[in-house]
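Asker: Chain by chain, the residues:
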Amino acid sequence: MEIKNYYVAKDLDDALQKFMLSSDNHLLGGGAWMKNSLRHIDTAIELSHLVSNDITETKEFIEIGAMCTLHDLSIHPAIIKYYDGILAQASKQIMGITVRNIATIGGTIAGKYAFSDLLTPLLAMNCQLMFYRQGIITLEEYLQSAIREKDILLKVLIKKSTAKGYFHKVAKTALDFSIVNVAVVKDNQNFSVCVGARPQIAAKAFKACELLNSSGVINQEIIEKAAKMAADELTFSSNFRGQAEYRKMVTETYIKRGLQEVITNAR
Amino acid sequence: MLVNLYVNNVLKKYHVQAGEFLLDTLRNDNYISVRRGCDSTSCGVCTVLIEGKPVPSCSVLTIRLEGKHITTVEGIQEEAEKLAHYFGLEGADQCGFCNPSMALTVYAMKNELKNPTLETIKAYLVGNLCRCTGYQAQHIAILHYLEDRS
Amino acid sequence: MKSVNVITPSVDGKGLMMGKAGYTNDYVLKNALIIKVLRSPHPFAKIVSIDDEEAKKLTGVECILSHKDFDRRPFTRAGQGYPEPSPHDKFVFDEYVRYVGDEVLCVAAIDEVTAEKALSLIKVEYEVLEPVLDFEKAMNNVSVIHPEPEIHEMFPIGFEPKKNISASYHMHIGNVEDTLKKCEVVIKESFYTQAQAHSMMEPHAVNTQFDYQNRLIIYSATQTPFHVRRIISQALNYPISKIRVIKPRVGGGFGGKQAIHGEIIASAVTIKTGKPAALVYTRKEVFESSYTRHPMRLDITVGADKDGTLKAIDCYVLSDTGAYGEHALTVFMVAGSKVLPLYNKVDSVRFHGHVVYTNHTPAGAFRGYGAIQGNFALESAVDILCNKLGMDPILFRQKNMMKENETSPIFAIMGEGTEGTAMMMETCKLDYCVKRGLELIDWNNKYPSKKINDHIVRSVGMAIAMQGSGIPYIDMGSATIKLNDDGFYNLLVGATDIGQGSDTILAQIAAEELMTSVDKMIPYSSDTDLTPFDTGAYASSTTFVSGNAVLKAAKTMKNKLIEEAANALNCAKEEIGFDGEIFNKVNSTESITLKELSNRLYYNSDQKQLMVTESYVGHKSPPPFMAGFAEIDLDTETGEVKVNKYCSVVDCGVTINPKLAKGQVEGAIVQGLGMALYEDVVYTAKGKLITNDFMSYRIPSRMETPELITEFAESNEPSGPFGAKSVGEIGIDTPPAAIMNAIYNACGVRIKSLPATPEKILMELRRKNHEQ
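Residue numbers (our numbering), protein chains in the order written: chain F, 1 to 267; chain C, 1 to 150; chain U, 1 to 772.
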């Protein structure tokens with residue numbers, strides 16, 4: 001790959017202006033995926049001094065700076081505590097320690113990578129994104145918006161909750177990318193079932209969630225019905241990592257297991 | 001552009017292009033223990049420490065590292081020798097191409113984790129691929145190294 | 001024994017971990033030209049024109065070489081003895097490109113950026129031809145991959161390029177069809193294996209320069225420095241006396257560095273420009289443009305009587321050598337010769353087949369070549385047969401397998417590319433290996449399987465295997481031992497340490513015989529100017545062949561030392577006793593130390609350099625044997641397999657270095673597990689390799705690696721150095737069959753095409769459940 005210029009932004013405004021100047025100008029995250037995704041960068045914009053890499057807690061939220069590395073994410077007590085630590089689990093299963101020490105949560109979200117293991121639990125937790133220009137929007141809105149408005153992600157906000165969580169990555173080996181990944185969150189009686197790397201980007205199984213949310217008692221029958229419904233409503237396709245049919249089968253299985261887990265372990 | 005780095009605690013001034021990666025900067029400056037295995041963050045061979053943390057030098061832009069402390073295996077010779085001793089006893093060194101990166105990652109792990117178990121060692125080192133040993137002899141050697149408080 | 005069969009750290013391990021220079025790329029001169037290769041985007045095409053005018057004008061571009069710059073002189077890159085059993089079907093560059101990644105031309109420039117820039121400025125016009133991408137349709141295809149008239153075989157190997165056949169072979173003992181007709185139970189199955197990638201951590205690397213005598217010096221990460229020298233001389237028509245190949249430390253080979261890679265191109269650049277040059281493959285080039293394991297289809301029929309007596313094995317193999325025929329015949333033959341003798345009591349055997357060209361990345365040598373494919377088919381078939389017989393697969397093997405002091409007629413018939421060599425199994429502890437393996441895995445309590453919960457089944461599976469120890473009458477190793485003042489020695493070997501630790505074990509052998517310590521035996525490998533000839537690190541030859549050469553040299557040195565001591569002490573050599581340090585004259589108090597003797601020979605009296613060279617060529621190839629046992633957990637709802645444990649019991653004779661021998665076995669086991677379960681090779685419909693990096697091609701990481709229990713049988717091979725056989729390859733053979741047998745034992749699904757991905761298992765499982 002080729003990088004012509006390196007530019008240290010004076011402030012966020014300056015960074016955004018530079019960013020908007022050309023489609024060949026890019027914001028630098030951790031750089032873990034840069035070589036594999038970009039061939040040419042005219043100006044690489046540095047903003048690591050302008051965007052936080054910290055994880056802080058307010059009364060209601062966990063606030064993750066967009067520059068927070070996946071490794072820091074995977075070992076932070078609050079990330080491990082809430083939602084049964086599904087975000088930490090997802091983070092620590094991504095490649096090796098060296099990559100996790102440079103890859104950032106902001107880079108993952110900004111890249112909208114379909115193979116991402118982070119987007120699935122983040123979506124299941126209904127997280128919000130704080131952008132420099134657009135302000136706060138939900139991850140769900142962000143993932144659904146086809147047009148990408150150039151902006152700078154500052155923070156990821158996760159609502160504190162006693163919700164139960166489940167995450168599972170289906171992959172050939174520990175280091176491999178997901179064939180699919182499944183996240184299930186149960187927040188009181190409110191269910192969120194999300195599947196990513198299908199190989200399309202993480203999405204919520206709305207019908208299945210609705211079935212679960214409208215069923216008073218969640219028994220094995222409902223679980224199996226919901227798992228099947230989720231597998232049916234989501235779209236799957238094939239690539240060299242797996243056929244659509246297989247993806248669908250294991251999605252159903254792991255949603256079932258996820259639901260069983262969040263229900264049996266319910267507080 | 002000029003970048004000041006502390007490589008193994010020695011101040012180094014490098015004139016680098018915007019797109020130069022740390023792996024090339026270090027190899028060009030004769031830190032040949034830093035080796036290229038895949039060039040795409042996926043093998044662990046080019047690992048160095050930045051501020052004590054293991055990173056893939058093939059994918060870190062040198063220009064972003066102003067004032068940072070870089071450690072190569074030349075900077076942890078005693079620890080590397082000690083680890084090599086235990087690798088030798090287990091026959092775990094084989095081709096040796098990835099072993100400087102292994103020494104650095106194990107050293108970082110020792111500083112980061114208290115009393116790691118076999119499973120946590122595996123998880124920490126999972127990004128360091130090895131095609132020679134089948135890994136197990138390495139793990140036994142690493143456990144012995146960690147027990148050695150000398 | 002003091003040095004042999006004793007835990008000894010490898011001689012280079014500490015220095016390499018501490019970051020010392022050692023590998024090819026560590027010796028590139030600062031002013032070396034950087035070479036980049038332009039590679040074909042098409043699986044099969046003819047080059048119509050090359051426009052390199054713009055690139056030539058670029059400052060810093062020193063030379064561009066394409067097929068127009070070379071005489072048409074076909075050769076093989078296989079890196080074998082001479083004459084090679086591989087077709088001479090490769091040109092330095094050719095006007096045809098035969099796979100995506102094939103070489104079109106090379107650029108040498110002052111730095112990498114300039115070389116890459118130059119590549120982007122070159123325009124090549126291709127006439128795209130219809131490729132052959134399905135090896136089962138290669139034979140007699142209308143597309144002929146090698147139409148060029150100059151190519152040839154060196155001796156008959158069944159080479160028929162007009163039919164896309166690179167090699168073919170047929171052998172039989174008895175009449176297999178008649179025997180099968182009489183068998184009470186017969187099964188016939190087809191198995192497929194994939195184009196596994198070596199994935200050594202050090203990419204292929206070479207650098208070249210002229211020295212002060214104007215000789216061409218080649219640093220190469222190779223397993224075969226002497227073959228490299230010969231092939232470069234042949235391919236470039238350059239005097240062999242002006243070539244010196246230095247093999248520094250090598251970062252893993254596994255057969256992938258037996259053949260030639262960029263050595264010819266780099267040499268050509270240096271010869272053309274007079275300047276030093278370096279070529280290091282990118283990881284993508286390693287995957288796309290080096291070599292792979294030969295993918296094969298193995299059609300196997302086995303027949304037995306109801307009492308479990310195996311009567312006949314019939315095996316047809318179709319092997320895919322890709323675009324060029326490196327090792328086409330030899331790999332194919334080993335699928336028979338190092339597999340079929342396992343069951344030596346059959347009435348009849350047939351082994352035949354074809355090796356075909358396709359427009360894929362060429363296949364070449366890879367640890368356990370042929371044997372792993374053949375073993376997967378045969379050892380799977382044996383379990384299938386046992387199932388049909390209703391017989392315990394262990395009892396069946398114990399009844400039918402090779403035993404000590406037995407032989408197989410196959411040894412005499414099949415060699416590697418030639419006839420074989422008859423031999424008795426002076427050591428074969430296979431019966432012990434099986435018995436001990438059963439204990440280690442706790443077979444009786446686990447076979448065939450048990451349910452752990454509603455979706456996990458735990459099961460066991462096993463396989464037996466054999467290899468060889470070099471190729472008799474072909475592989476030659478030699479060793480030179482030199483005595484220095486102060487009484488230490490140099491051990492110069494052509495044997496090629498590629499990370500397996502051969503420098504260490506050869507030093508141990510020499511030290512043992514000379515009763516000194518390993519630190520006084522300084523090994524050096526390999527340098528075609530300095531070290532004596534050795535065929536190289538392949539065919540499990542180093543411990544046995546090179547080890548025997550070292551032992552011979554050490555014995556000769558010992559005799560010389562005693563002679564010189566006798567001279568010094570004025571007595572007959574029969575009167576000298578030697579313990580490695582002191583020469584004693586019997587019945588007297590007179591003595592001289594080795595230190596004193598060596599100093600005397602250098603400086604004082606009757607001065608001379610003691611230096612001996614001995615060679616060894618095997619007259620047999622004693623096979624190492626092993627039994628491998630796997631325990632797996634299989635998820636019946638997802639098809640996912642977790643290997644919990646792999647027990648290996650190996651008979652490789654006396655282990656010269658127990659830990660390094662274990663390392664050879666365990667490293668190979670994990671590579672075999674990779675082939676069995678993870679290492680999927682995927683091409684696009686247009687013939688481009690998708691799995692061309694470590695993110696898409698998955699070698700086992702340490703998380704997939706099971707608990708490895710590795711033991712060695714007590715065994716002492718009379719023909720081996722200090723009782724040793726070779727151990728480099730045997731470990732890789734059993735995992736595919738053992739794992740497939742375990743999968744069958746878990747869920748009744750028989751996977752016949754590698755790797756056994758969860759997807760394949762689940763699909764088969766669902767189909768089976770659907771049928772029931």
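None of these hints come from the bench; they were simulated from the model. Don't take each hint at face value.
To be verified - The list that follows gives simulated cross-link-like pairs (lysine to aspartate or glutamate, EDC-like), each with its CA atoms no further than 16 Å apart:
#, chain 1, residue 1, chain 2, residue 2
1, U, 117, U, 54
2, F, 35, U, 693
3, F, 4, C, 20
4, U, 30, C, 24
5, U, 20, C, 74
6, U, 284, C, 20
7, U, 30, C, 79
8, F, 35, C, 119
9, F, 35, F, 60
10, U, 20, C, 119
11, U, 123, U, 51
12, F, 228, U, 637
13, C, 110, C, 79
14, U, 68, U, 116
15, U, 117, U, 71
16, U, 20, C, 79
17, U, 435, U, 392
18, U, 760, F, 245
19, U, 560, U, 581
20, F, 35, C, 79
21, U, 20, C, 78
22, U, 686, U, 130
23, U, 645, U, 442
24, F, 92, C, 29
Stated by the list, open to error - Stretch by stretch, here's where chain C covers chain U in the computed footprint (C-beta under 8 Å, at least three residues):
#, region
25, 701–715
26, 732–738
Yeah, the Cβ is synthetic: ideal placement off N, Cα and C, and Gly gets one too.
Asker: Next, verify each hint and record whether it holds.
Answerer: Hints and how they fare:
| no. | hint | verdict |
| --- | --- | --- |
| 1 | U:117 with U:54 | 10 Å, holds |
| 2 | F:35 with U:693 | 13 Å, holds |
| 3 | F:4 with C:20 | 10 Å, holds |
| 4 | U:30 with C:24 | 13 Å, holds |
| 5 | U:20 with C:74 | 9 Å, holds |
| 6 | U:284 with C:20 | 20 Å, violated |
| 7 | U:30 with C:79 | 31 Å, violated |
| 8 | F:35 with C:119 | 31 Å, violated |
| 9 | F:35 with F:60 | 38 Å, violated |
| 10 | U:20 with C:119 | 31 Å, violated |
| 11 | U:123 with U:51 | 5 Å, holds |
| 12 | F:228 with U:637 | 14 Å, holds |
| 13 | C:110 with C:79 | 11 Å, holds |
| 14 | U:68 with U:116 | 21 Å, violated |
| 15 | U:117 with U:71 | 28 Å, violated |
| 16 | U:20 with C:79 | 15 Å, holds |
| 17 | U:435 with U:392 | 14 Å, holds |
| 18 | U:760 with F:245 | 11 Å, holds |
| 19 | U:560 with U:581 | 15 Å, holds |
| 20 | F:35 with C:79 | 32 Å, violated |
| 21 | U:20 with C:78 | 14 Å, holds |
| 22 | U:686 with U:130 | 10 Å, holds |
| 23 | U:645 with U:442 | 11 Å, holds |
| 24 | F:92 with C:29 | 34 Å, violated |
| 25 | 701–715 | holds (count 6) |
| 26 | 732–738 | violated (count 0) |
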